[in-house]
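Knowing the structure of chain A, use the given hints to seat chain B on it.
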Amino acid sequence: MKKLSFSTLLTTSLMTLSATLGVAFSSATLAAETLNVYTYDAFASDWGPGPKIKANFEKECGCELNFVALDSSVGILSRAQFEGKSSQADVLLGLDLNLMEAAKKSGLLAEHDVNTSAVTIAGGWKDNVFVPFDQGNFAFVYNSEILKNPPTSLKDIVDNQNLRVIYQDPRTSTPGLGLLLWMKSVYGDDAAAAWGRLASHTVTVTKSWSDAYGLFLKGEADVVLSYTTSPAYHIVAEGVTKYKAAQASEGLYPQIEVAAMMKSAPNPELAKRFMQFILEPGFQSTVATGNWMLPVVKLNEALPAAFDSALQPTKVLTLPAGDVATNRKAWVNEWLNATTR
Amino acid sequence: MLFFSAVKGLLPALLGVGFFLFMGAASLAALLRYSDISSWSEYLYDPYLWRVVRFSLWQALLSSGISLLIAIPVASCLIHRQFRGRAILLQLFAVSMVVPTIVAILGLVVVYGRTGWLSQLFGVQIPLYGLVGILLAHVFFNMPLAVRLLLQGYGLIPSGQWRQASQLGFSRWSAFRLIEWHYMKKVLPGAFVLIFMLCFSSFAVVLSLGGGPKSSTLEVAIYQALRFDFDLNKASFLSLLQVSICTLFAVVVYRIAPINQQDASVLAVKSYPVKDTFLAKGADCIALLCVLVLVIPPFLAIFDPIFSPLFLTTLLSSGLWQAVLVSLKIALPAAIISLLLGVCFVVLARFCMARHYLRVLPSKLEHLGNMILMVPGLVIATGLFLWLRDLDWGFQSSYWIVVWVNAVMALPFVLRALMPVLYQQERRFRNLYLSLGIRSWSRWCLEWSLIRASMAQAFGYALLLSLGDMGVIALFGSQGLVSLPLYLFQLIGSYRLEEGACVAVVLISLCLILFYCSSRFIGGKADSGKMAGGRSLVNH
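Residue numbers (full-length UniProt numbering), protein chains in the order written: chain A, 1 to 341; chain B, 1 to 540.
Some hints could be false.
Short derived list, chain A residues pointing at chain B, Cβ under 7 Å [stated by the list, open to error]:
#  : residue
1  : 74
2  : 78
3  : 84
4  : 86
5  : 119
6  : 171
7  : 172
8  : 201
9  : 204
10 : 336
11 : 337
12 : 340
Here are some chain A residues the structure puts well away from chain B; computed CB gaps all over 12 Å [what the hints assert, rightly or not]:
#  : residue
13 : 233
14 : 286
15 : 341
Don't read these hints as lab results, they were simulated from the structure. Note that this is a predicted model, so its numbers are computed, not measured. Heads up, the beta-carbon is just placed ideally off N, CA and C, and yes, glycines get one too.
Bound-form chain A, shown alone (with noise of 0.2 Å):
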């Protein structure tokens, strides 16, 4: 009884097809001289700091600089250890300071030779893994026109049950962990109430910033969480002044986002290359007004006017890496179980 030579033939046919179009459609294979980055899409994206960068570093290297965009800075890391070493990463772009110690322990990366003695960064750079590229502090943003009251201190954002409140997940976003770590530093054994305090004024808690500012634009919310910056690419860009930061009198909490690249890179010595450039002209010169955070080595053009306005903190406050780098899940579990109580 061969009942079944139909699918036989159905099926050798049918995979035939199916693989001739696999085959058809499926991409050339990348050249030789390409120089693979993941980052963040903000950062690749056409309106980011990623197309100058490019073209700067394509001038003089003669390769590609290919950007693959994942979706956010948290994603880059996960996706570099889930492809382990088949990865085609070459170098790492856009971690930041509290994700350093947990990327060390992956042990894909590799260390830099880059002299770092020139970052500008308060108390200055020493680290063999990583070289920072950009730097600012977070903020809540809001529309003057609109809170004529704006918040003074990270204890008024929390205690006003009016203001609606818009943040980022501290699982998926560098600036939701950042305020994690923000409201630790401030409030220390007493943040799950305050969290508890916060969640009931809180609109909407969102996967990545892009997320949470979009929605803050649209009208959804009072403050955002944000950056001390923000406001002047609203001066910049679109000539609006309405946007400003809110001060914060506990001291604001500083983001410095960081470069590395892989051990196991397809092209290590245009990964080295590119390490030494995160800290030349060519790079720098495109942070403020594409990534729209300050630059981390001194230019000899001055920055635009706007950023003059970029809230210079009383006080800064950072939390040792180790103890974010041990205590980030515990923090993040009060976070969780606060806010779904």
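Using the frame of chain A, we list chain B on its own:
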């Protein structure tokens, strides 16, 4: 000897099902290899996890409950009444089940969002981000599915019963109570379990409309564990938990529910009118109003941007066509593989059906194919990727993983479309085949005209499901592998909603065109219209 030669003929089908099992086992093994089972007990004490489980259960119960509650009067109304637009409504129901999630979400936001139609026209504000949004989306998807499943149940009612009801002057209510309900309650548990599972493992809806950790599901937790923490250990634990909960749920429901016997009376049924009453008219109006409010507006909203000037500029962007190409490149092979797998399953099931000692196997095979509804697609994809990575196949394999997982995910729907019709042919012609010695190729040739409509339906479903996939592609997607839904998701993510809406029109048009083509070219001319209605009786 006859048995062995038959088994030899079954070889391709056995290989197909075997390959399916092997791939499943291999990905599971790969995932377990990366996890530390001894640490799993600590997760059990995580209160957040249990809150997520509770919410997943709660929203799935509500979603499936509401969907069925609305579907029952709607199905009854569609059976008893002829009205203008009824055929279109049935077509719409066929498509809405497989509308890409992300497109439907967009439609829902346009209708129910803060600046949406509802708030513009009536000034009504709905808290869309949270349970309400999730329920709206789930009912939009699953109520039409429930109606279609119930209509299949109606198909089992012999025309004699309708005739009697007509002669005795039954009102709609007595007809429902004395006839329809008996058949409906056989279909309801299956429909309930199916919709429950679809909602329990809902992913894109919850991620977009959930609005934060408060209303998160287990599937989203798995996505977070994989995509952001890269915690394989936790992901394995969570997916095992999900499988256990779904299995437990299915077992409990099937235990307490009457068995749904596949009847052979699927041929066209003649129906007789029952007495119409004022009350029945009112009830039908309310049922149709529900449909009008819940299903139609999001559909219209999807097509709204055609009139915007942005539509043309969007059509001209190369990113869009790149994404269309990637989507086709994923969906076509996935649908072909899914159909092949489905045929393998059915061939085996038909073989076993005829043999008394293998009687239990067909339903077991069907359950095996449906198992995939319980296992998160993300988990299969991850396991598969880890396994291939260990074999040093690297990231190049990710395209094939996306194709395979999409094919497997569509399998339950393919089986649902194929099995009843193919079983029926086996029952009808088996003895004839045996006595005339008709086998293999000739059998398929003889049956082709009878089964091609279901084949087309199965293919169409697989095609559309893969075309709209947001789960697996979200795990692997990056430059070079951006499908249309992912492209759409990226646009929405950066709040270029208007452009996203235009892309959604392209996606849904592509779906409709492909669905039409597959029913027209595989299903044949005569059946293409009927297909969407499912069974011929629906169009009586």
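Now the hints, each set against the structure:
1. This hint holds: residue 74 of chain A has a C-beta 5 Å from the nearest C-beta of chain B, less than the 7 Å allowed.
2. The beta carbon of residue 78 of chain A comes within 4 Å of a beta carbon in chain B, closer than 7 Å, and the hint placing it at the interface holds.
3. Here the hint on residue 84 of chain A is kept, as its CB sits about 6 Å from the closest CB of chain B, short of 7 Å.
4. Because the closest C-beta pair between residue 86 of chain A and chain B is about 4 Å apart, less than 7 Å, the hint holds.
5. Nearest Cβ of chain B to the Cβ of residue 119 of chain A: about 29 Å, over the 7 Å cut. The hint is violated.
6. At about 6 Å, the closest approach between the beta carbon of residue 171 of chain A and any beta carbon in chain B falls short of 7 Å, and the interface hint on this residue holds.
7. Given the 7 Å rule on beta carbons, the hint for residue 172 of chain A holds: about 5 Å separates it from the nearest Cβ of chain B.
8. Nearest Cβ of chain B to the Cβ of residue 201 of chain A: about 13 Å, over the 7 Å cut. The hint is violated.
9. Evaluation of the residue 204 of chain A hint against chain B yields a held restraint, the C-beta minimum of about 4 Å falling below 7 Å.
10. Restraint check, residue 336 of chain A versus chain B: the minimum CB separation of about 4 Å is within 7 Å; hint holds.
11. Contact between residue 337 of chain A and chain B, as hinted, is supported at the beta carbon level, the nearest pair being about 6 Å apart and thus within 7 Å.
12. With 7 Å as the threshold, the beta carbon of residue 340 of chain A comes within range of chain B, its nearest partner Cβ sitting at about 5 Å, so the hint holds.
13. Distance check on residue 233 of chain A: its Cβ is at least 14 Å (rounded) from any Cβ of chain B, clearing the 12 Å threshold; non-interface status holds.
14. With a minimum CB-CB distance of about 19 Å to chain B, residue 286 of chain A clears the 12 Å threshold, and the non-interface call stands.
15. Distance check on residue 341 of chain A: its Cβ comes as close as 8 Å (rounded) to a Cβ of chain B, failing to clear the 12 Å threshold; non-interface status is violated.
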